[in-house]
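Asks: Each chain is listed here by its residues.
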Amino acid sequence: MKDIFYYDITNNLTVTWADLIFDLKRVENYSNFCYQSDYYGVFKQIVLSVLLDKNITLLDPGFTQQEISRLTGNIIPDEIENISEEFELEDCKTKGDLLSLLKKNHQNWTITLFTSGTTGLPKSVGHSFSSITRFVKCSDKNKSDVWGFAYNPASMAGLQVFFQALLNGNTIIRLYGVSQNLLLKTVRESGITHISSTPSFYRLLLPNTEQFHEVRRITSGGEKFDTNTAEQLKAIFPNAKITNIYASTEAGTLLASEGNIFSIKPDLKGLIKIEDGELLVHKKLMGHTNINIDEWYHTGDIVEIISGDPLKFQFVSRRNDLINVGGYKVNPYEVEEIIREIEGVREVKVYGRKSSLLGNVVCCDIVRNNTILEEPDVRRYLNGKIQEYKIPRMITFVNEIITTRTGKIKRS
Amino acid sequence: MEEIIFIINTVLKNRGKKTKADIDESCHLRNDLGFDSLDLAELTVRIEAKFNVDIFEDGIVSTVGDIVKKIG
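As they're listed, the protein sequences go chains A and B.
Using our numbering, the first residue of the first sequence is number 31, and each one after it goes up by one.
Using our numbering, the first residue of the second sequence is number 6, and each one after it goes up by one.
Incorrect hints may have been included.
[Said to hold, decoys possible] Derived pair list, reagent style BS3-like, types lysine-lysine, alpha-carbon separation capped at 25 Å:
| id | chain 1 | residue 1 | chain 2 | residue 2 |
| --- | --- | --- | --- | --- |
| 1 | A | 133 | B | 74 |
| 2 | A | 384 | B | 74 |
| 3 | B | 22 | A | 415 |
| 4 | A | 384 | B | 75 |
| 5 | A | 342 | A | 415 |
Treat the hints as calculated values from the structure; they're not laboratory data.
Note that the structure is a prediction, hence the values are computed from the model and not measured.
Isolated chain B (complex conformation) (with noise of 0.2 Å):
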């Protein structure tokens, strides 16, 4: 989780968006982080290069906790 949530923050650190230290399981990744569809390509992207795991390939994919459960 502690390595989702640093991804997390790359991502929106990359953007010029504030880092956030509250994230759980349930934010919604579009509507509580913010994300757009770059963003979320990006996290697929840097998810598959750590994990190995894509994360999008059988379905759409909405808040931290589905991350989490995809990759297992």
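Bound conformation, chain A alone (with noise of 0.2 Å):
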């Protein structure tokens, strides 16, 4: 696996360092704007970015054109530049070459991606090369990782684990996107030794009466983790330590902790704290952002305090309305005002109802000026609209939507 950089099973492609040094050789031109499905194609992008020590903006390959319109106010500007003369990658001959250049060329390089947004449209977030890898460690130790990647490589969380991956010189092995069958076959024959995820799809390995004991990691974010997900998973993986992580696109990866109980690491004292309940981040951590932010972030995560000194705390609930789908944050009010366009719909509040499999399932009440209009119609003219899991699961005709006395809709 040393010599291997990316194995796809779905897509049956093995892409071993010196094939991806190749491929950068033969590049001649450079987009900043990455717009794609194909991981090895993200992956490499990104790479050529450090490289030239450009900025790239990540766009999720599930926006579809109106979405990216709405983002960057136009479709993608056509800002391809010929990079055949300033690119001199003649001395790179092996992974070793490749990663001391990786090291180096990031003075100016900057990565931008958007986040689910808490009203309206998501923001856009830009992140430096010690932001992005304030978690990353290197060493001996790490060197013959083998990471299962089972995100989205255009999310803050795949970020996380491709740089985590790529500074080792490790092996990457999708696993995301990868239908259940052949999970368990990628996990079982092609020696993961790292797998970070939601709790969402460790639950797809499950239940599992096999045991991989090859596995020595095991990392979940996005949610919570709850203990009979954690129970099981100890079980597959009898060699692994299981830790949780809390990050966000705004402020990367900040915290870890091996249980539920989250402590502040000394190096970041001083820049988180609680106030009301509510975990606050110092603005020297965050990323560029076209958010306003005072001295201190709120991040809308209520966290429960367990002891004062040291500080420990665990995580509660979510200030905002945003719902959480497996790991993925969907904005209610993005998903009410598309359905807003749909002719009969009068008045819409989207919703997440729980799910003990996803966490919550995206639901929609509709006050309706018409009877014909029906479900399937508005799964229809949403379908291509917007991603996958922004579109209610189940929608309810209704008579009236209840509003709060300021006009607003009710949200709990």
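Grab the two chains, each in its own frame, and use the hints to assemble them into the complex.
Replies: Laid out in structure tokens, this is it:
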């Protein structure tokens, strides 16, 4: 596995580090927008951006053209530039050469990705090399790690895994979007030692009586890790240390713990605090964004303090209304806005309904102007306009939607 | 059983897939009916709305027969 950079069972694709270097040497043009569903293509473009020390903007391949137009203000601008003159990889022959180049060429590099947004549109957040790799550990011990890649590469969590694997010269094995049968086969046969994902992803591996002894580390984030799933995972991965991560698109990875109780690393002391039960992050830790941030950024995450000194706490809920569907955040306002475009819809409320499988399922109530509009019509309209996981899975037609005193839709 | 088949077909139809007439208790939700996580979650929510039972509450359900057992 030490020569393999990326393996994708779904597309039957094996890319060695030598292949990657070969492919990088052949690149003549660079675009700072990355909008593609091919994982290797995304990885290669990120590596290229670091080598060139140029900005890169990641657009989730699930975004529709309409969403991209709204996010970027236009269709992807055609900013492809010829890089053949400034790009010199002649001396780069081995994985070691490439890793050395990657570790020094990033003074100006930034990466931009999009948050799910709390109100209105998703917002862009830019990160420097140091903020994106804050939790990356490079050591001899990590050199033989094999990473199960179980996130969308255009997500903050996916990037954390990617850089951890890349900078240690590890192998990346695709697990995200792989069918359940192939998933177990992949974990069984590819020698994966590390997996990072959401509890919803891990539930795909359950129930299972098989044991995977080679896996040494399981990292979970994005949602609350329920005890039932954690216990079953311990049985399947008997040699793995299970860690919880707290991260956000705006700030990157901030906290790690071995259970549900978190504490703050000494070097982040004074930069993370709790006020009125909410976790606040100092702006020094934040990426560059068009959101207005005072000195402290309100994460919207409500925590319960377990002990004051040393500070220990656990997460309780979200202050805002984002619906967490298997680790993916759905902004109800965004979905409502599009449903309101449908003829016959007078009012709509999008909300999450608890699901023991995915945390929440997106549902909506609609007040209609006619009796012709039916559930499949709404679903058909939304197909291709928004990402699949944002589409309400159960639609109820109601006579009225309750509002608050100020006329806003009552959310809870 | 008829009501469960109706709900399964509703999920298939909403997703733009063909409905099935030959659903029985041995049908595997993922392998035979092609349900993904989102489909399964939709199925759970619809069954809970109808029968007031969360079929995934205490474990994983694999076949139509598993649902019938849970609903009792």
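Asks: For every hint, state whether the structure bears it out.
Replies: For each hint, the structure was consulted:
no. : hint          : verdict
1   : A:133 - B:74  : violated, 57 Å
2   : A:384 - B:74  : holds, 22 Å
3   : B:22 - A:415  : holds, 19 Å
4   : A:384 - B:75  : holds, 18 Å
5   : A:342 - A:415 : violated, 43 Å
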